[in-house]
Amino acid sequence: MTTLANYLLVSALLFSIGLAGALTRRNAILVLVGIELMLNAANLNFIAFWRYGPNPEALTGVMFAIFSIGVAAAEAAVGLALIITVYRHYKTTDLDQIDSMRG
Amino acid sequence: MQFAILAVLTIAGAVAALSLRNLVHCALALTLSFIGLAGLYLQLGAQFVGFAQILVYVGAVAILIVFAILLTRGAESISQPLFPPTWVRSSIVAAIVFGVLTWAILSSVEFRHALSPEPEATVKQIGDALMSRFALPLEVIALLLTAALIGAVTIAIRERREAK
Chain W
1 MTTLANYLLV SALLFSIGLA GALTRRNAIL VLVGIELMLN AANLNFIAFW
51 RYGPNPEALT GVMFAIFSIG VAAAEAAVGL ALIITVYRHY KTTDLDQIDS
101 MRG
Chain P
1001 MQFAILAVLT IAGAVAALSL RNLVHCALAL TLSFIGLAGL YLQLGAQFVG
1051 FAQILVYVGA VAILIVFAIL LTRGAESISQ PLFPPTWVRS SIVAAIVFGV
1101 LTWAILSSVE FRHALSPEPE ATVKQIGDAL MSRFALPLEV IALLLTAALI
1151 GAVTIAIRER REAK
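Quick mapping for you: the protein sequence lines, in order, are chains W and P.
Per our numbering, the first sequence starts with residue 1, numbered consecutively.
Per our numbering, the second sequence starts with residue 1001, numbered consecutively.
These aren't lab readings, by the way, just hints derived from the structure by calculation.
Note that this is a predicted model, so its numbers are computed, not measured.
Some hints could be false.
[As the list claims (entries may be wrong)] Sample of chain W residues with no beta-carbon within 10 angstroms of chain P, all distances over it, derived:
id : residue
1  : Gly18
2  : Ile98
3  : Ser100
[As the list claims (entries may be wrong)] Some chain W residues flagged as far from chain P (calculated, every beta-carbon gap over 12 angstroms):
id : residue
4  : Pro56
5  : Met101
6  : Arg102
[Claimed, not checked] To spell it out: a stretch of chain W is covered by chain P in this simulated footprint if at least three of its residues, at any positions, have a beta carbon under 8 angstroms from a beta carbon of chain P; those stretches are:
id : segment
7  : 3–15
8  : 25–31
9  : 35–43
10 : 63–73
11 : 79–93
Don't be surprised by glycine CBs; every beta carbon is placed ideally from N, CA and C.
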């Protein structure tokens, strides 16, 4: 029997993997991938809490997940446009080499 | 059983997406993880969100990431080390976050109750809700997507104009 805790554990694991990737990897695209994974973990939490919550007929969790997916799509488009612009300027996507504002 | 398969698919895809060396392989593993998540949504009874996940993430975001990888020639620069010097600290931070979340989930009795009867979340109901109760957020998200579209094009086109 799958309980709410199972879904929350999968979501927590997904969030931690995304966080570890976003902090560890030095390629800007992979950092964005890590952030997308963290957003998806949050979406899974919305849906799981909606399904197991007391008032599933209110559709609040589903609506929040739909709007979250929309915002994430906008974020991915702008983020990748920024990465491509930075690549044109610095000829690299390695975050350690983009350090002209380092103090 | 289905849940276990989908969970393993999602987690394995996520791990592979952030640990493989070739960036194109990373994008493909990320797609696998998104498909697993869509399966989890479908299993939770949220059909519309599951198909929106496939359309938006598998169809659009993954393709966008592949385009970005190819445009920045990321597939060629696989010489960088997989574990930079900061990876120990980063992994400790992520492990602490996972530990705290797991402790919070497992220590709560509230999360262990079984499934309530299948809620109704048909596409018609979602459409009705979007057009009545959630009309204002829908308009806001439309404005946001338009702004993101214009912003992404403006950001990506600027450098070329300066170069001329």
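Cross-check of the supplied hints:
A beta-carbon of chain P comes within 10 angstroms of the beta-carbon of glycine 18/W; the shortest separation is about 7 angstroms. With a least beta-carbon separation of about 12 angstroms from chain P, isoleucine 98/W lies farther than 10 angstroms from that chain, consistent with its non-interface assignment. Taking the minimum C-beta to C-beta distance to chain P, about 15 angstroms, the non-interface status of serine 100/W holds against the 10 angstroms cut. Not every CB of chain P lies more than 12 angstroms from the CB of proline 56/W, the least distance being 3 angstroms, so the non-interface label is violated.
A cut-off of 12 angstroms between C-beta atoms confirms that methionine 101/W is not in contact with chain P; the least separation is 18 angstroms. Remark: the non-interface label on arginine 102/W is consistent with the geometry, its nearest Cβ contact in chain P lying 15 angstroms away (cut-off 12 angstroms). With 12 residues bearing a CB less than 8 angstroms from a CB of chain P, the segment 3–15 of chain W meets the requirement of three and the coverage assertion stands. For the segment 25–31 of chain W, the proposed coverage by chain P is satisfied: 5 residues have a C-beta within less than 8 angstroms of a C-beta in that chain, meeting the threshold of three.
For a cut-off of 8 angstroms, the count of residues in the segment 35–43 of chain W with a CB near a CB of chain P stands at 4, and the three-residue condition holds. Here the segment 63–73 of chain W counts 9 residues with a CB under 8 angstroms from a CB of chain P, which clears the bar of 3, and the coverage holds. With 11 residues having a beta carbon nearer than 8 angstroms to a beta carbon of chain P, the segment 79–93 of chain W meets the requirement of three or more and the stated coverage holds.
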